[in-house]
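Work out the full structure, taking the sequences as your base and the hints as a guide.
There are 4 protein chains.
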Amino acid sequence: MVMAETGTANPQTVGAAMYAVDTASQGLGIKLEAIERGYAKMSMRVRPDMLNGHKICHGGFIFTFADSTFAFACNSYNHITVAAGASIEFLAPAHLDDVLTAEAREQNLSGRTGFYDVTVTNQRGERIALFRGRSQRVKGEIVTTGMGDATR
Amino acid sequence: MVMAETGTANPQTVGAAMYAVDTASQGLGIKLEAIERGYAKMSMRVRPDMLNGHKICHGGFIFTFADSTFAFACNSYNHITVAAGASIEFLAPAHLDDVLTAEAREQNLSGRTGFYDVTVTNQRGERIALFRGRSQRVKGEIVTTGMGDATR
Amino acid sequence: MVMAETGTANPQTVGAAMYAVDTASQGLGIKLEAIERGYAKMSMRVRPDMLNGHKICHGGFIFTFADSTFAFACNSYNHITVAAGASIEFLAPAHLDDVLTAEAREQNLSGRTGFYDVTVTNQRGERIALFRGRSQRVKGEIVTTGMGDATR
Amino acid sequence: MVMAETGTANPQTVGAAMYAVDTASQGLGIKLEAIERGYAKMSMRVRPDMLNGHKICHGGFIFTFADSTFAFACNSYNHITVAAGASIEFLAPAHLDDVLTAEAREQNLSGRTGFYDVTVTNQRGERIALFRGRSQRVKGEIVTTGMGDATR
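Chains as they are written, first to last, in my numbering: chain X, 1 to 152; chain Z, 1 to 152; chain V, 1 to 152; chain R, 1 to 152.
Simulated from the structure, these hints should not be mistaken for lab results.
Some hints could be false.
Some chain Z residues judged to face chain X by a derived CB distance under 10 Å, without partners named [said to hold, decoys possible]:
#1 Leu28
#2 Ala34
#3 Pro48
#4 His54
#5 Gly60
#6 Ala84
#7 Leu96
#8 Gly125
#9 Glu126
#10 Leu130
#11 Val138
#12 Glu141
#13 Thr144
#14 Thr145
Idealized CB from N, CA, C, for every residue including glycine.
Here it is in structure tokens:
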């Protein structure tokens with residue numbers, strides 16, 4: 001989508017390029033805090049429009065937050081990679097103005113299939129959710145390097 | 001939250017009361033098509049703001065759509081019930097203006113724990129996602145009947 | 001593994017060929033009750049050696065029973081197909097001499113990846129477990145037809 | 001089941017008491033290598049009777065091995081705790097005479113519900129499977145201390 005100045009894109013360049021077109025994460029106020037190969041860390045503040053009728057954060061937003069962090073981690077190698085499946089366990093509620101942190105860590109990458117675990121915690125370090133995502137690499141690069149998919 | 005005219009709330013009354021305060025579902029343009037005990041059907045049109053950088057519907061919105069349908073099905077008995085966990089498999093992409101339908105069906109309800117399967121299909125009947133949710137009943141009613149939790 | 005008399009193997013022929021070499025299922029006393037394309041039904045009696053310290057059937061045996069039924073359903077097309085992942089929910093305990101029935105039904109098959117839901121019930125029709133398996137087709141046939149993988 | 005010499009049972013005492021009555025784990029040749037609060041490590045050699053028709057270890061045995069390790073980890077507090085659900089991802093095949101190691105680590109424990117992640121590796125350190133289990137504490141102790149469930 002953007003041309004890397006050097007032949008190989010580093011994870012930070014890839015992350016910045018992904019974030020620039022990720023309107024869903026932007027719209028939710030999600031920030032990219034860190035990205036390395038196979039790892040990403042993001043943060044999100046719980047807003048009034050994220051609350052459900054019980055005045056706690058709707059599970060869909062927590063899933064989306066974890067899913068975005070998973071996406072940045074599994075795309076960090078600059079190969080376009082999509083979510084094929086995921087599971088989430090809701091451990092504790094998140095409330096208005098809580099600042100959530102999600103960390104995604106690669107558990108396995110074999111061929112085109114990867115598994116990533118994401119933990120979502122609040123500002124007191126309490127665990128809010130556990131997420132496990134399965135990724136599938138498809139054709140293409142995030143940041144065009146001119147190296148195509150030669151490494152596949 | 002609202003007072004039922006008769007002593008026991010039927011699923012349609014419960015669904016209407018839930019929908020009235022479900023700003024997340026409303027904000028995504030999700031419509032409640034049908035609700036019975038242990039069953040719900042909803043629809044959602046894929047909007048431009050639901051697309052990711054690959055121009056397909058962000059998985060977070062598909063999850064949220066399935067999760068909402070699950071919530072209506074598992075709250076249909078008028079006992080407040082929350083999502084404790086869920087898994088989703090993404091089978092095929094959803095595109096701009098696709099009209100998605102989600103159907104949630106109860107698979108088991110034992111004590112306070114329930115399991116519900118949700119299938120998400122598009123306007124051609126193609127399966128977009130499979131979702132399985134685990135629910136946990138908590139205290140309280142959706143529609144106040146004055147019967148409290150006597151049936152527990 | 002065996003040569004089909006006609007060019008295409010029917011599910012019953014495939015199931016019989018699979019069962020003949022499935023020492024694990026045989027060893028557990030699992031019986032194949034029915035098999036169709038994308039469907040299988042098996043039964044298993046809970047034996048003393050399947051009980052754990054709490055005198056209920058060890059979850060590993062219930063998983064293995066469901067997993068075998070899943071395997072017969074997803075191999076019913078005569079393409080060798082392996083389990084790539086699975087989830088199970090234990091709903092109720094199984095006791096000594098209970099006769100369990102598992103039914104596996106295809107939920108989706110797209111390319112080489114399939115999803116199958118298995119329900120395990122006891123002799124009173126009570127649900128013991130819900131299982132969802134993800135299958136991956138690999139090279140080869142169960143019953144050699146001489147048609148190879150031409151249909152892929 | 002056995003009387004602890006002191007008022008509180010340590011994890012090693014609990015593990016030994018569990019193992020003594022765990023005929024399923026014993027029958028599979030599973031050994032308990034280590035146990036701490038919220039943690040367990042076990043090993044298993046792949047035997048001829050664990051192979052399926054493709055001459056690789058049947059997934060049911062890998063699940064059972066991971067499930068046993070999960071059970072030791074979640075019972076390490078000496079409160080009787082059962083598996084309520086689990087998911088497994090099969091990453092690579094295990095072959096005859098491979099020596100597998102499973103390590104279970106607690107991810108969360110809140111009220112009576114816990115989540116434990118188990119990784120299964122072979123003798124070369126390659127990951128064979130990822131497992132995530134959900135536990136539910138029930139009444140009773142593994143090793144009788146006379147303290148009952150006073151700490152609940």
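Tested hints:
Given the 10 Å rule on beta carbons, the hint for Z/Leu28 holds: about 9 Å separates it from the nearest Cβ of chain X. With a least beta-carbon distance of about 20 Å to chain X, the hint placing Z/Ala34 at the interface is violated under the 10 Å criterion. For Z/Pro48, the shortest C-beta to C-beta distance to chain X is roughly 9 Å, which falls under 10 Å, so the interface hint holds. The interface hint given for Z/His54 is met, as the beta carbon of that residue sits about 7 Å from the closest beta carbon of chain X, less than 10 Å.
Checking Z/Gly60 against chain X by beta carbon gives a least distance of about 3 Å; that is within 10 Å, so the hint holds. Satisfaction of the interface hint for Z/Ala84 is found here, the shortest Cβ-Cβ separation to chain X being roughly 6 Å, below the 10 Å cut-off. A cut of 10 Å between beta carbons decides the hint on Z/Leu96: the least distance to chain X is about 13 Å, and the hint is violated. With a cut of 10 Å, the hint placing Z/Gly125 at the interface with chain X is violated, because the nearest CB-to-CB distance is about 21 Å.
For the restraint placing Z/Glu126 at the interface with chain X, the shortest Cβ-Cβ distance is roughly 17 Å, beyond the 10 Å limit, so the hint is violated. With 10 Å as the threshold, the beta carbon of Z/Leu130 comes within range of chain X, its nearest partner Cβ sitting at about 9 Å, so the hint holds. With a least beta-carbon distance of about 9 Å to chain X, the hint placing Z/Val138 at the interface is held under the 10 Å criterion. This hint is violated: Z/Glu141 has a C-beta 12 Å from the nearest C-beta of chain X, more than the 10 Å allowed.
At about 14 Å, the closest approach between the beta carbon of Z/Thr144 and any beta carbon in chain X exceeds 10 Å, and the interface hint on this residue is violated. Proximity of Z/Thr145 to chain X is violated relative to the hint, the smallest CB-CB distance being about 17 Å (cut-off 10 Å).
Against the hints set out earlier in the document, violations occur for numbers 2, 7, 8, 9, 12, 13 and 14.
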